[in-house]
Every structure is written in C-alpha cells, then in structure tokens.
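Participant: Protein sequences, first through last, are from chains A and B. Note that the first sequence covers residues 1 to 287 in UniProt numbering. Note that the second sequence covers residues 1 to 647 in UniProt numbering.
In short, the hints are calculated from the structure, not lab data. Note that this is a predicted model, so its numbers are computed, not measured. Be aware that one or more of the hints could be misleading.
Claimed, not checked - Not everything, but these chain A residues come out facing chain B in the computed CB check (under 10 Å):
#1 Trp116
#2 Glu138
#3 Asp142
#4 Val198
#5 Tyr199
#6 Thr235
#7 Thr236
#8 Ala239
#9 Tyr240
#10 Asn246
#11 Thr260
#12 Val267
#13 Leu272
We treat Cβ as the ideally placed atom computed from N, Cα and C, and that holds for glycine.
Each chain, written out:
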Amino acid sequence: MTAIPLQLPRRLVEFTLDGQEVRAPEGATVLDACRAAGTEVPTLCHGDTLTPKNACRVCVVEVEGARTLAPACSRKVEPGMRVRTGSERVRHSRKLVLELLASSTDLSTTPHVAGWIREYGADPDRFGPEAATRAGREAKVDNDLYVRDYAKCIMCYKCVDACGDQWQNTFAIAVAGRGFDNTISVEHDAPLTDSACVYCGNCIEVCPTGALSFKTEFDMRAAGTWDEAAQTETTTICAYCGVGCNLTLHVQGEEIVKVTSPHDNPVTHGNLCVKGRFGFQHVQNRE
Amino acid sequence: MNDTRRKRRRPAEPYTRITRPMVRGADGQLHETSWPEALDAAARGFAAVRSHYGPDAFGMFSCARSTNEMNYVAQKFTRVVMGTNNVDSCNRTCHAPSVAGLSAVFGSGGGTSSYGEVEDTDLIVMWGSNARFAHPIFFQHVLKGIRNGARMFAVDPRRTSTAEWADRWLGPNVGTDIPLAHAVAREIIHAGLVNTAFVERATTGYEEFAREVEPWTLSAAEQVTGVPAEAIRELAHAYATAERAQMCWTLGITEHHNATDNVRALINLALLTGHVGRYGSGLQPLRGQNNVQGGGDMGAIPDRLPGFQDILDPGVRARFEARWDTVIQPRQGLNLTRMLDAIERGTLKAVYCIGENPAQSEADCAHTVARLQMLDHLVVQDIFLTRTAELADVVLPAAAAWCESEGTVTNSERRVQRVRRAVPPPGEARDDIAILCDLAARLGHEWRYAGAEEVWDELRSVSPDHHGMTYGRLAEHHGLQWPCPSTEEVGLPYLHGRLWSEEPEQRGRLAPFGIVKHDPPVDVVDESYPLRLTTGRRLDSYNTGVQSGGFASPLRRGENIELSPEDAAAYGVQAGEVVRVSSRRGTVSAPVWIDPGLRPGLAFMTMHFPDEVDTNVLTIEATDPIAGTAEYKATAVRVDPIAAGAR
Chain A
1 MTAIPLQLPR RLVEFTLDGQ EVRAPEGATV LDACRAAGTE VPTLCHGDTL
51 TPKNACRVCV VEVEGARTLA PACSRKVEPG MRVRTGSERV RHSRKLVLEL
101 LASSTDLSTT PHVAGWIREY GADPDRFGPE AATRAGREAK VDNDLYVRDY
151 AKCIMCYKCV DACGDQWQNT FAIAVAGRGF DNTISVEHDA PLTDSACVYC
201 GNCIEVCPTG ALSFKTEFDM RAAGTWDEAA QTETTTICAY CGVGCNLTLH
251 VQGEEIVKVT SPHDNPVTHG NLCVKGRFGF QHVQNRE
Chain B
1 MNDTRRKRRR PAEPYTRITR PMVRGADGQL HETSWPEALD AAARGFAAVR
51 SHYGPDAFGM FSCARSTNEM NYVAQKFTRV VMGTNNVDSC NRTCHAPSVA
101 GLSAVFGSGG GTSSYGEVED TDLIVMWGSN ARFAHPIFFQ HVLKGIRNGA
151 RMFAVDPRRT STAEWADRWL GPNVGTDIPL AHAVAREIIH AGLVNTAFVE
201 RATTGYEEFA REVEPWTLSA AEQVTGVPAE AIRELAHAYA TAERAQMCWT
251 LGITEHHNAT DNVRALINLA LLTGHVGRYG SGLQPLRGQN NVQGGGDMGA
301 IPDRLPGFQD ILDPGVRARF EARWDTVIQP RQGLNLTRML DAIERGTLKA
351 VYCIGENPAQ SEADCAHTVA RLQMLDHLVV QDIFLTRTAE LADVVLPAAA
401 AWCESEGTVT NSERRVQRVR RAVPPPGEAR DDIAILCDLA ARLGHEWRYA
451 GAEEVWDELR SVSPDHHGMT YGRLAEHHGL QWPCPSTEEV GLPYLHGRLW
501 SEEPEQRGRL APFGIVKHDP PVDVVDESYP LRLTTGRRLD SYNTGVQSGG
551 FASPLRRGEN IELSPEDAAA YGVQAGEVVR VSSRRGTVSA PVWIDPGLRP
601 GLAFMTMHFP DEVDTNVLTI EATDPIAGTA EYKATAVRVD PIAAGAR
C-alpha cells in the first residue's frame with residue numbers, strides 16, 4: 001500500500017535581511033522571504049504559478065560578496081547570506097530598469113508602476129521620444145474575445161510559459177525577431193484566428209502589463225468607461241463541465257466585464273478554458 | 001399547443017434571458033403575467049393532477065447546473081409536497097451508469113480519486129474520454145502527470161486531441177469496450193500479473209469473472225475491437241505492472257445501451273490489479289455538468305435520499321420522515337427515461353422541469369417533444385425560453401445559479417465548493433429556491449429558509465457525508481471533499497482505502513467483480529446505413545448550446561458531419577459540401593468536415609447546434625436497463641449528396 005506523500009519538513013535557513021536576522025524555509029526565494037517579512041520588492045515578470053524567468057530585473061537585491069545584483073524572484077536563500085533590498089546600488093539599478101522599460105513601452109495599464117517610478121525617482125523621458133521603440137505599435141484586434149496590445153509588452157515571457165509546457169501546452173505563441181524588434185507572436189505572425197490558439201486566456205491571466213486583455217476591458221478603456229475602483233470581484237464556480245473551476249467574476253455596473261481564477265486554487269491554479277474564461281455572456285444577453 | 005409566443009431567436013442568434021413569468025392563455029399562446037398569477041397557475045395544475053391521478057402522476061426534472069441547495073429543496077418538494085419519488089435530472093443522459101456501477105461495487109457513487117493524484121501517478125488510462133476538449137482543466141492535471149513521467153494510454157474510436165498526448169492510442173470499434181476490457185483482464189490473469197493479495201482480501205466473484213473473460217483471447221478481441229493484439233497486451237501489462245494507475249472515463253463509456261456493464265468492465269480491471277483505494281490509484285469518471293455529482297448526492301434521483309442514502313432502507317426513511325414530518329414512499333421512483341415512457345403511457349400527467357432542456361437533449365428528440373406535448377401540465381423554470389419551455393403551460397424565469405445565487409456545487413472529485421452571487425438576476429427573474437418555496441406554500445407547505453445557508457445546514461443535519469462542511473469551512477479550505485463527517489477534519493482525497501485493511505471488519509463489504517457480457521450497439525450498421533456515427537463535445541461549445549451559443553467564440557464552426565478522408569472520397573463529397581445524413585429515425589442536413597483522426601466507417605457529430613442541425617433526430621433511444629442512459633454514441637447512418645437526394 002502506498003502512503004500519501006507528505007511534504008518533507010523543511011529546514012529553516014537563517015540569514016540577514018536589511019540588517020535583521022530572519023528565517024525562511026530551505027528552498028524559498030529571497031522574494032518569498034521578503035514578502036514574509038513584509039519587505040516590499042517590486043516585481044513584473046515574476047508569476048506565482050510560473051518558474052522564474054529573470055527577465056525584467058526590477059526585483060534585484062544586493063547579496064553581500066556577490067559581484068552582481070541578484071534577482072530576488074529566483075535567488076534561493078542560503079544560510080548566513082546578507083541581503084540588502086534598499087541599498088543605493090539596488091535603488092539605482094531599479095530606477096534604471098524602470099526608466100528603460102517605461103521609455104520604450106507603454107506602461108499606462110501596468111499596476112503599481114507609476115508608484116515605483118515616483119519612489120525610485122525614475123525619469124523615463126530623459127532618453128527622448130526616440131526611445132519609444134514599442135509604444136507606437138498598433139493593438140492587434142482580430143477576434144471578439146481578447147486583444148494583444150504589444151505596445152505594452154515588456155517581453156517577460158510569462159504568456160509564452162503559460163501557453164507552453166508550464167500549463168496550457170498549446171504552444172500557440174513564442175518569441176519572434178531579435179533585439180529591439182523582438183516580439184511575442186503566433187506562427188508566421190498570423191492573426192490569432194489562423195493560429196493554434198484555443199482562447200483559454202491563460203496568457204491574459206499572467207500578463208503583468210495589460211498588453212493582453214479581455215476585449216471588454218480594451219473597449220471600455222477606449223471608451224473611457226473602465227473603472228476598476230467601481231468593480232467588485234466575486235469567486236464562484238464555472239457553469240459548464242463538472243471539473244469545478246473557480247471563477248472570479250469582475251463586475252462593473254451589474255455586468256461581468258472580466259474573469260480570472262485564483263492562483264492558489266487546487267482545481268485551476270489560475271487556469272481556465274475558453275468556456276470558463278469567456279463563456280459568461282449568456283447570462284447577460286438581454287432583449 | 002406547439003405555437004408559442006415567438007420570443008425565440010433565429011438560428012445562430014444567442015438566446016436572451018427571460019425576465020417575466022408566462023402562462024399559456026385560452027388562445028394557446030404564452031403570455032407574460034405577474035408572479036402571483038403564474039405561481040397560482042403552476043400550483044393549481046399540480047394540485048389538480050395530484051387529486052385526479054395521485055402523487056405518482058407528478059415528475060420533477062431537477063437541474064444538474066443549479067446548486068446543491070436547490071436540488072435538495074427540489075427533491076424535498078417532490079417527496080414531501082407531491083408525495084412521490086419521481087425526481088431525476090440529466091445525470092441520466094450522461095454519468096448515471098458510472099454512479100450505478102461504482103455504487104454497486106463500492107457502495108458509493110463518486111469518483112474514487114482527486115485531480116492532484118493524476119499528477120503523481122505512473123499510468124493514466126483515458127478511456128472514452130476526450131478530456132483535452134471536454135474537461136480541459138482536468139487535462140492540465142493529466143499533462144502535469146505526463147510531464148512528471150507518467151505514461152498515458154488513450155482508448156477512443158477517434159484519434160482525438162487527448163490521444164495526441166498519449167504514449168499509445170487504442171482505437172476500438174464503437175461499442176466494443178467490454179471485449180477490450182475483458183481481453184486486458186484475461187491477459188493480466190494469464191501473465192500472472194493479478195494482484196492476488198488484493199483480490200483475495202477485498203473482492204468477491206473472481207473465479208466466475210476469470211471464467212467469463214477466458215474466451216477473450218488477444219486475437220479474439222482484435223477481431224471484434226479492431227485493436228491490434230499487441231496493443232491490448234501492452235495496455236494490460238502497463239496497467240498491471242504500474243505502481244500507481246488512474247483509470248479515467250467519460251461518456252464514451254456511459255452513453256451506451258449497456259453502459260453500466262461498460263463501467264463494471266473498467267472497474268473489474270482496477271479490482272484485478274489493486275488500482276483503487278490507494279493514493280495515485282483510482283477510478284475517475286469525469287462529470288459533464290458543474291453539479292451533476294451534487295444533484296445525485298442531494299437525492300434528486302429516484303432511488304436515493306440526500307447524502308446518497310438508500311431510499312429502500314427503512315431506518316434511513318424513518319430519519320427523513322421524522323425530520324420532514326411526512327411519509328416517504330417505500331419504493332424507488334421513476335428515472336427520467338421511465339418518466340418519459342410514463343408520459344406516453346398516460347400515467348404521468350404533470351412535470352416540473354427546472355433548468356433542463358429534454359426537448360433537445362434527449363435521444364430521438366422528436367419523440368420526446370411529442371411526449372411532452374401529451375402532458376396535462378408542464379411547468380418550466382429556466383433562464384431562457386428553451387425549446388422545452390416553449391411547450392410549457394407555465395414558464396417561470398429563474399436566476400442563473402452559478403452567478404446570481406448563493407449555494408454550493410460538487411465537482412468530479414467530490415469537492416463541494418461555494419457558488420456566490422456576483423450579479424443580480426435580470427428583471428423579475430427569481431432564485432430557484434424562493435420559487436420552489438412559494439409553490440410549496442400554495443400547496444400547503446410553509447417552508448421558511450432565510451437563505452441558501454439555512455438549506456445547507458438542514459442538509460448537513462441529515463447527510464453524515466456532508467456534516468462537516470459548513471459554509472465557513474468551505475470558504476477556508478477551497479471547498480471540501482465528501483465524505484466529511486466532522487467539522488474538525490478535512491475530507492478524504494481518495495475513497496475505499498478500507499479495502500486494503502488487514503481487519504475484515506474494517507474492510508466492510510467486499511467489492512464484487514462484475515460478470516458482464518459483450519452486447520454490440522443496438523443500431524446495426526448494414527448496407528443501408530453503413531456508417532457508425534458517434535457524438536461528443538467540442539472545446540468551445542457545450543451540450544445543446546443554450547449557454548455556449550451566448551459568446552462569440554473564434555473557434556466555432558457550427559455543426560458538421562465529420563468524415564474520414566477515405567469515406568469522403570468514397571461518397572464523392574467535399575469538405576464544406578452540405579449533405580444529407582440519415583438514420584433509421586430521421587434525416588438532417590449538415591456540411592462535411594474531413595477529420596483524418598477518424599478511420600473509415602466512423603463519423604462524428606456534436607449536439608451543440610440543435611437549432612441548425614438537430615443531431616438527436618438521428619440518435620437512438622436504446623437505453624441502459626440499469627441507469628436509463630441512451631446510446632448517443634452509436635448510431636447507424638448513411639450520407640447522401642444533396643443533389644442525388646433531391647432527384
């Protein structure tokens with residue numbers, strides 16, 4: 001008879017975080033430890049359901065004795081390490097990363113970023129308008145369910161990982177091009193409707209900047225009616241098959257405008273199919 | 001009475017919500033009216049039928065997509081207010097055979113494993129299940145399992161998108177699952193791979209079972225199933241030698257005239273190898289509606305009281321009779337299939353249909369419509385004016401349970417989870433439970449429920465399996481799995497660990513092998529109807545399309561008759577060409593789609609677009625004698641080019 005595999009008890013690792021002695025479970029990342037200790041670290045490309053990609057570098061911290069700054073999202077805690085999250089070197093690096101991202105890309109719908117720009121004194125305009133290598137791109141509106149606005153894309157690869165072997169295993173998207181011209185694309189840069197996309201929207205779920213969004217959200221933003229402060233979020237169960245996926249319904253003015261799924265849910269881990277993500281419209285089709 | 005007020009959409013237009021009650025007037029049309037008038041008319045009809053014909057002239061079609069709480073109140077309405085056990089739901093059209101098979105063997109009708117276990121198992125068998133399309137998020141757990149090193153075998157007549165992920169695809173002829181399973185069993189026995197410790201300790205009937213499968217040699221099975229002997233042998237050895245194995249199935253097993261036998265044939269393999277009652281080893285029927293598991297658990301079936309307790313047990317009945325202050329009939333009621341038969345015989349006169357659409361979902365649907373038209377009194381409670389609602393005497397507009405009500409639903413891994421109200425119902429549409437209580441009051445039973453939680457707490461007081469699941473704990477634990485008798489513990493991830501106990505008393509009732517025989521599909525393929533039509537779901541659509549038709553899916557391509565490239569060439573038809581598809585019961589027209597995943601002789605359609613192409617005109621109403629499920633998966637058809645047919 002097989003026993004239920006219980007998680008092994010994890011040893012606690014002692015280290016120094018901003019001068020304080022802290023303990024974190026072995027295998028935890030510096031980011032995990034910071035969040036447990038209530039220390040704020042900005043993140044963009046980090047996804048709680050995804051393997052760290054170390055793409056954006058906005059979460060860097062200083063590890064004493066290390067030549068370079070370390071990304072908190074993937075660096076594991078080690079006994080005796082001394083980590084500083086607010087040193088001049090860290091603050092300078094985060095400021096520059098924010099300036100580079102915000103000068104090239106449209107971060108107007110990225111949560112928290114305006115506050116970080118203020119906090120770190122970043123000045124994205126100092127590179128001039130020529131730096132906006134992405135911000136001018138046209139949004140791709142080629143279906144009724146979701147929009148790809150790559151002017152807002154910071155190339156964090158989270159959508160590629162969610163679509164690929166980490167969750168959806170559909171492999172509809174990948175990185176195309178090189179250098180300043182690289183972009184997330186379906187095969188042959190075709191419209192979504194000619195691609196392998198199955199419209200699960202699990203890429204939207206992980207997108208940190210709003211580059212991928214529900215068409216409802218995109219249209220309401222264009223019309224100036226999108227009002228997150230006026231929205232409620234209610235978690236319920238999908239109306240379709242018997243798997244029992246948890247849906248969080250985002251409601252504005254008594255209309256469902258967006259659907260997400262809790263990332264810590266044991267059924268979905270934040271993933272849905274096309275019916276769960278987009279199949280809500282039947283309840284609000286009125287005469 | 002067929003000519004209703006035309007609130008109906010044109011084909012391909014989404015249904016719109018109904019927001020006011022409707023009653024059929026003297027002119028034969030449905031007219032909008034007030035709630036009191038509609039409730040009076042509904043109650044009057046039920047009372048009249050009960051007084052003229054007795055309680056058994058009433059039948060309740062309860063709803064597999066409404067909450068547990070609503071299903072509890074609906075079955076209580078049936079048993080206490082109307083005094084009959086004639087209550088059932090669309091579980092009859094899908095997984096009733098799984099419930100019947102599992103409860104016959106293990107005494108409990110639920111899947112034995114949790115989704116997470118499929119990630120930690122060594123072998124996954126997907127038998128008659130295209131979960132990649134029909135249960136996509138369950139399939140993500142399967143993909144985790146595959147990425148963790150599990151092998152996967154897909155058993156399906158079609159080479160589906162699920163089969164694309166398999167190590168081996170076994171494509172049996174439609175309706176030959178029992179020969180295939182028996183051959184696997186025989187090979188396990190002859191290779192000496194039986195888990196004798198488990199068989200001796202936990203099962204009964206092994207000797208007879210071994211005799212039953214003895215004729216099914218690999219070559220005999222190859223002849224009947226079309227699966228190469230070597231592939232059958234490989235499945236047998238892989239399943240028997242895996243440390244852990246999960247057997248998953250869907251409607252490819254259950255939508256047959258001998259579906260309960262099919263389920264028993266799969267369970268036999270788990271008993272033979274000890275792949276049940278352990279972490280990572282189990283049996284997993286994937287349920288088709290968000291609360292089809294819960295509807296049965298709540299007693300909205302003719303043979304069980306809430307908590308899946310046997311209605312034939314006098315002790316069980318006595319507890320409910322005391323709680324409800326009533327007398328419960330000491331016999332099983334009619335299931336959905338038998339209720340429809342009883343309408344035709346003239347013994348069932350009134351139906352209260354909540355959120356079901358039998359006029360389009362039943363096999364041979366023209367026959368079903370004719371039967372519904374024979375009723376004295378039909379009350380339909382729904383969110384849309386479905387084809388079934390168009391036939392009603394009274395139509396009651398309901399709230400959508402999943403987003404306009406409070407309550408719980410139960411998923412395929414027995415996990416009870418909270419449903420919450422995110423938006424208000426439109427217009428005058430009302431909560432299902434409030435409507436049921438208003439009707440009960442008009443029929444002499446004043447039930448006072450302050451809300452869904454009070455209904456749930458009443459259920460918890462009568463169902464030991466649900467006792468530990470308070471609303472607070474359900475929110476805290478992301479739902480809880482039954483059985484959960486204690487408010488101190490969480491439920492079990494897998495069932496029937498008792499079968500492995502050293503102590504006979506703890507082992508409880510032993511699991512019997514099912515002695516079942518091959519019985520080919522009823523609708524015979526011959527020269528006149530040479531193609532075997534099978535049915536299933538597509539990724540972006542769902543059942544009769546009433547819900548999924550409401551959103552603009554880029555994947556949607558309407559109904560097609562899907563043919564193999566070889567058959568398309570043989571009939572001289574092109575992709576996109578509209579052809580006539582005929583069975584012994586009816587004819588529809590549909591465009592051709594060519595699917596290289598089909599082998600010659602096999603065709604495929606869905607039920608998603610019945611307003612354009614009514615596939616259930618073709619299907620046969622040959623039903624499983626134990627569970628009542630129709631053989632949607634095996635129809636004999638012919639395909640004719642329209643030009644030739646018009647001559």
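Participant: List, from low to high, the hint numbers that the structure doesn't satisfy.
Facilitator: Numbers 1, 2, 11, in rising order.
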